[in-house]
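S.K.: The listed protein sequences derive, respectively, from chains A and B. All residue numbers for the first sequence refer to UniProt numbering, where the first residue is 1 and numbers rise by one. All residue numbers for the second sequence refer to UniProt numbering, where the first residue is 1 and numbers rise by one.
Source of the hints: derived by calculation from the structure; they are not laboratory data. Don't take each hint at face value.
Claimed, not checked - Label-pair restraints from in silico Cβ distances:
id, chain 1, residue 1, chain 2, residue 2, range
1, A, Arg213, B, Glu90, 38 to 46 Å
2, B, Lys178, A, Leu271, 48 to 56 Å
3, B, Leu156, A, Leu239, 36 to 44 Å
4, B, Lys178, A, Leu82, 40 to 48 Å
5, B, Lys197, A, Val66, 39 to 47 Å
6, A, Trp173, B, Lys36, 54 to 62 Å
7, A, Val79, B, Thr71, 58 to 66 Å
As the list claims (entries may be wrong) - Below, computed lysine to aspartate or glutamate pairings styled on EDC-like, alpha-carbon distance capped at 16 Å:
id, chain 1, residue 1, chain 2, residue 2
8, A, Lys26, B, Glu209
9, B, Lys159, B, Asp113
10, B, Lys178, B, Glu209
11, A, Lys16, B, Glu6
12, A, Lys293, B, Glu90
13, A, Lys200, A, Glu292
14, B, Lys194, B, Asp149
15, A, Lys26, B, Asp180
To be verified - Some chain A residues near chain B, calculated using beta-carbon distances under 7 Å:
id, residue
16, Lys16
17, Arg44
18, His45
19, Ala49
20, Phe227
21, Leu268
22, Leu269
23, Gly296
All residues carry an ideal CB built from backbone N, CA and C; glycine is no exception.
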Amino acid sequence: MAQTAVADSDTGPSLKELARSHGLTKAGRLPSLPEYTRHLWSYRHFIAAFANAKVNASLGSTKLGVVWQLLTPLINAGVYYLIFGVLINTKQDVDNFIAYLCAGVFIFGFTQSVVQAGSQSITSNIAMIRALHFPRASLPIAVSLVEVRNMIASMIVLIAIVLLTGEPITLQWLLLLPALLLQTIFNTGLALFVARLISKITDIRQLIPYILRIWMYGSAVLYPVTFFAERIHGWQLALVESNPMLIYIELVRHALMENVELATSAPLLWLQAAIWTALVGFGGYVYFWRGEKGYGRG
Amino acid sequence: MADQREPTVIADNAHIVYRIYGSVAPGANTPLASLKRIVTGKKSAAVREVHAVKGVSFIAYRGEAIGLIGTNGSGKSTLLRAIAGLLPVERGGGIYAAGQPSLLGVNAALMNDLSGERNVELGCLAMGMTPAQVKEQAPGIIEFSGINDRGDFSSLPMKTYSSGMSARLRFSIAAAKKHDVLLIDEALATGDAKFRKRSEQRVRDLRKEAGTVFLVSHSEQSIRDTCERSIWLESGVIRADGPTDDVLKEYETYVNK
Numbered sequence: 001m002a003q004t005a006v007a008d009s010d011t012g013p014s015l016k017e018l019a020r021s022h023g024l025t026k027a028g029r030l031p032s033l034p035e036y037t038r039h040l041w042s043y044r045h046f047i048a049a050f051a052n053a054k055v056n057a058s059l060g061s062t063k064l065g066v067v068w069q070l071l072t073p074l075i076n077a078g079v080y081y082l083i084f085g086v087l088i089n090t091k092q093d094v095d096n097f098i099a100y101l102c103a104g105v106f107i108f109g110f111t112q113s114v115v116q117a118g119s120q121s122i123t124s125n126i127a128m129i130r131a132l133h134f135p136r137a138s139l140p141i142a143v144s145l146v147e148v149r150n151m152i153a154s155m156i157v158l159i160a161i162v163l164l165t166g167e168p169i170t171l172q173w174l175l176l177l178p179a180l181l182l183q184t185i186f187n188t189g190l191a192l193f194v195a196r197l198i199s200k201i202t203d204i205r206q207l208i209p210y211i212l213r214i215w216m217y218g219s220a221v222l223y224p225v226t227f228f229a230e231r232i233h234g235w236q237l238a239l240v241e242s243n244p245m246l247i248y249i250e251l252v253r254h255a256l257m258e259n260v261e262l263a264t265s266a267p268l269l270w271l272q273a274a275i276w277t278a279l280v281g282f283g284g285y286v287y288f289w290r291g292e293k294g295y296g297r298g
Numbered sequence: 001m002a003d004q005r006e007p008t009v010i011a012d013n014a015h016i017v018y019r020i021y022g023s024v025a026p027g028a029n030t031p032l033a034s035l036k037r038i039v040t041g042k043k044s045a046a047v048r049e050v051h052a053v054k055g056v057s058f059i060a061y062r063g064e065a066i067g068l069i070g071t072n073g074s075g076k077s078t079l080l081r082a083i084a085g086l087l088p089v090e091r092g093g094g095i096y097a098a099g100q101p102s103l104l105g106v107n108a109a110l111m112n113d114l115s116g117e118r119n120v121e122l123g124c125l126a127m128g129m130t131p132a133q134v135k136e137q138a139p140g141i142i143e144f145s146g147i148n149d150r151g152d153f154s155s156l157p158m159k160t161y162s163s164g165m166s167a168r169l170r171f172s173i174a175a176a177k178k179h180d181v182l183l184i185d186e187a188l189a190t191g192d193a194k195f196r197k198r199s200e201q202r203v204r205d206l207r208k209e210a211g212t213v214f215l216v217s218h219s220e221q222s223i224r225d226t227c228e229r230s231i232w233l234e235s236g237v238i239r240a241d242g243p244t245d246d247v248l249k250e251y252e253t254y255v256n257k
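Pulled out of the complex, with its shape left as it was, chain B reads as follows (with noise of 0.2 Å):
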C-alpha cells in the first residue's frame, strides 16, 4: 500500500540514549571522591544515562502531517531532535531523513540584542538562503508574524518583545523556507488565538508544498485540526500509530484512566 507514496523520514529501531553531566548524587561531587575517580580512572558519577527512545520505527510519507502526543517526558522531542540529527541514534538501525530536517522549538533563540530585522536576515542566512532570496523574503515574513502590527517593533531590539511575538517571529523565520521536513516542537502554543490559526494554515500550506511535518503538541485541538496521522509516544515506545482521530480516543482513554 505504502510502494506508490514516497518516504521522507524512515525510523529503523531506533534507540536514544542521552547522557546528563552534573546531576549528582550527595556525596559523589566531594574532592575527595573526584581524586578517587581521577586515580581509579573510573567514569564520573555526574554522567547519568537516560533511555529516552527504545526501539521506535515508522515511516513517514511526503505530504504528510504527523502529530506526536504522549504525557510529558516520554520521549517525543528527544526522537524530533533524533530525527534532526541533534542527538545521534545510540544502537539499531537508524534514522535516515530526505534533505536536513529543521527542528522549530520553543527555544529556538536567535540574538536577543538584534533588532527582530536582523535576526530574520541572520535566520534566513544561517537557514541556508542567498542575500538575495532573503531581501525578498523579509518583508513577508515580518508580515507573517505580526510583530508590526502595534507600531514598529521590527527595528527594535528583540530583547524587548514579548514571549509571544518572540516565538512568532521564530515561527515565521522557520517558516519561510521550504522544508523537506519540518519538525515543531510545541512552537504553536505561545501565540495568541489569532496568530495560532494563521501558523496552523501555514503548516498546512507547508504540507501541500511536498514537504513532511512532524508536531509535537499537547493541544489536542491543534493536532486534530493539522495532522491526520498521529503516533502515540509513551516511555519510548511507540504505543499506537495510525489516524489521528483513533490515537486521540485510545489516548484519552490512557491519560483518564
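In isolation and in its complexed conformation, chain A is listed as follows (with noise of 0.2 Å):
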C-alpha cells in the first residue's frame, strides 16, 4: 500500500470548496421544477422520434401495419356492441346506442391504454434509462403521445359511426376538440403518475386491470348515465358522477351526438373537466418530477 488516494481525509473540506470554485455540479442533485420543464422542452425532439419509434416497433411485425390503429378500434366497438347492444339489452332509452356506446368505449379506451403503456413506461426502458441521461419524463408523455394517434384513428371511426347512424354535422362537433384537448392533458399527468407509482411499489401492476375494470363500469361506458341516477343516490351518486373518465365521455357525446341525456348541465361538466385536467396533469408532472434521480436505481 504505498500510495493511497491523492486527496485524503485531512483536506476533505476543501474538496467541496474546491468543486464549487470549478462549477462542478454534485451528481444526482435534482433540477428545480423550472429548470427540469425547460430541459425536457430540449428534449421534445427525442419524444417525437422516441413515439414514432415506439408505434414502429409495434406495427413493424404485423402484415397490415397501420391498418391496426383502425381495425382495433372497430373490432373492439363491434365485441362490445355484441354483449351489451344485442345479448344484454342496456339499451334502455337511448336513441342512437350504437354511437353512445362507441363514444363510451374509445374515449375510456384512450385513458385505459395510456395507464396500461405508462405503467411500464420506467420499467421497461430501465436499460436505456441507466445508459443514457434524458429527462425521465420524457418516456410517459412519449407513451401518452403514442396514445393520441391511436386516439385520433378511433376518432375517424367513431365520427363515421355517428355518421352512419344518422347524427347530423353541427357547430357542437367542434367541442370534441377541447375535450380531447383536456383528456390528452388529464391522460399524459396519470401517466406520469403512475410510472413513478409503479416504478417503487411493482406489487401495484397486479392490481391496474381490476381498477382499470371498476373504474370502466363506473364511467357509464356500456349503459346510460341514468343507470346509475336510477339505483344510487346522495353522496355515492355525487361520487359516481364527479367521476373524470365518466366527465369526458358526456362531453364527446354531448360534442357528437343530439338529445343525449347527461349526467348535469354540460357548462358544469366543461368545468369539472377542466378541474381535473388541471388538477392530474399538474400534479402528476410533479410527483414524477419529484422522483426523478431515483429511476436508474434498483
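If you follow the hints, you should be able to join the two separate chains into one complex; please do so.
M.R.: Structure follows, in C-alpha cells:
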C-alpha cells in the first residue's frame, strides 16, 4: 500500500470548496421544476422520435401495419355491441345506442391504454435510463403521444359511425377538440403518476387491470349514464358523477350527438373536466419530477 | 501541484449503499411473515443493504484517462454509476462532476426492434443532440461501428445483430458526442481485436478533446494502453491511486498471492 488516495481525508473540507470554485455540480442533484421543464422542452425531438419508434416497433411485425390502428377500435366496438347491445339489452331509451356505446368505449380506451403503457414506461426502459441521460418524463410523455395517435384513428372510426347512424353535423362538433385536448393532458399526468408509482411499488401493477375494470363500470361506458341516477343517490351518486372519465365521455357524447341525456348540465361538466385536467396534469408532473433521480436505481 | 489543472470529478469521502429487493431468506416471505410485517410495520426482510463503496476520495482532472481496477465485486461499477448520478451517495461529502457524466456500459440497451439507423438517431437525440446534428453525425457513427462491413446491417433490426455488433454500435453512439466526463464500463471488451484498437484510439481522442475518461476493465492490456493513471478499488476502499504501471504491479502481486 504505497500511495493511498491523492486527496486524503485531511483535505476533506476543501474538496467541497474546490468543487464549487470550479463550477462542478453534485451528482444526482434534483433540478428545480422550471429548470426541469426547460430541459424537457429541449428534448422534444427525442420524445417525438421515441414515440414514433414505439409505434413502428409495435406494428412492424404485423402484415397490415397501420391499418390495425383503425381495425382495433372497430373490432373493440363490435365486441361490446354484440354483448351489451344485442345479448344483454342495456339500450334502455337511448336513441342511438351504437354511437353512444362507441363514444364511451373509445374515450375510455384512450385513457386505459395510456395507463397500461404508462405503468411500464419506466420499468421496461430501465436499461436505456441507466445508459443515457435524458429527462425521464420523456418516456411517459412519449407513451401518451403514441396513444394520441391511436386515439385520432379511433376518432375517425367514431365519426364515421356517428354519421352512419344518422347524426347531423353541427357546430357543436367543434367541442370535440377541446374535450380531447383536456383528456390528453389528463392522461399525460396520469401516465407520469403511474410510471413513478409502479417503478417504486411494483406490486401495484398486478392491481391495474382490476382498477381499470372497476373504473370502466363506473364511467357509464356500456350503459346510459341515467343508469346510476336510477339506482344510487346522495353522496354515492355525487361520487360516481365526479368521476373524470364519466365527465370526458359525457363531453364527447354531448359534442357529437343530438338528444343525449347528460348527468349534469354541459357547462358544469366543462368546469369539472377543466379542474380534473389541471389537478391530474400538474399533480402527475410534479409527482414524477420529485422522483427524477431515483429511476435508474434498483 | 494540482492547482493549475482543472478538476472534472471530485469524490469527497463518498459512501454508496444500494438496496436489493427480493433476495429473501427462506421462510421470510411466507404469507404469515408478510402479514406480521404489515401489522408490526417492520421493514421488509426482502430488502438487503450492500455497502459497496466506503469512503472514497479522489480528484480527476481534465484530459486524464483513469483506469479503475479491482477484483469482481469491489465496487467499481457502483462507483461509476454514482459518478453518473444514477445511484445516490448515502453519506459523506458526495461526488461532484463537471457537466453531465455519461455512463457507457455493455448493457446499455437501445430498442431491439428498431433498425441500427433508427437506434443511432434515437440514441443521439437522447444524448441531447439537435436533429440537424444527428443528421450530420449518423453516417460517421455507423461507419465507425463497422456494422456495415458485411453488408447493409444498419437497416436491419438490432435484435438480429450479434452481441459484439450491438456493443460496437452502442459504443459508437456514446462516443459520438463530446462528453466532459465519459465513464466506460467494460464496453470495449466485447468487440473484436480490430474494433478494440479503433475504440481505444477513440478513447484517446476523446481525452484530447479535453474530457476525462474513466475505464473499468479486467483487461490489464487495455488499461495500460489507454490510461496513465489508475485507481485500485478493493471491497469499496481505494487501495492505490497513481501511475498505471505502479498500481498494476501492486495489483498483480495482490491477485497472484
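S.K.: Hint compliance check: list the failing hint numbers for this structure, sorted ascending.
M.R.: 3, 4, 8, 17, 20, 21 and 22
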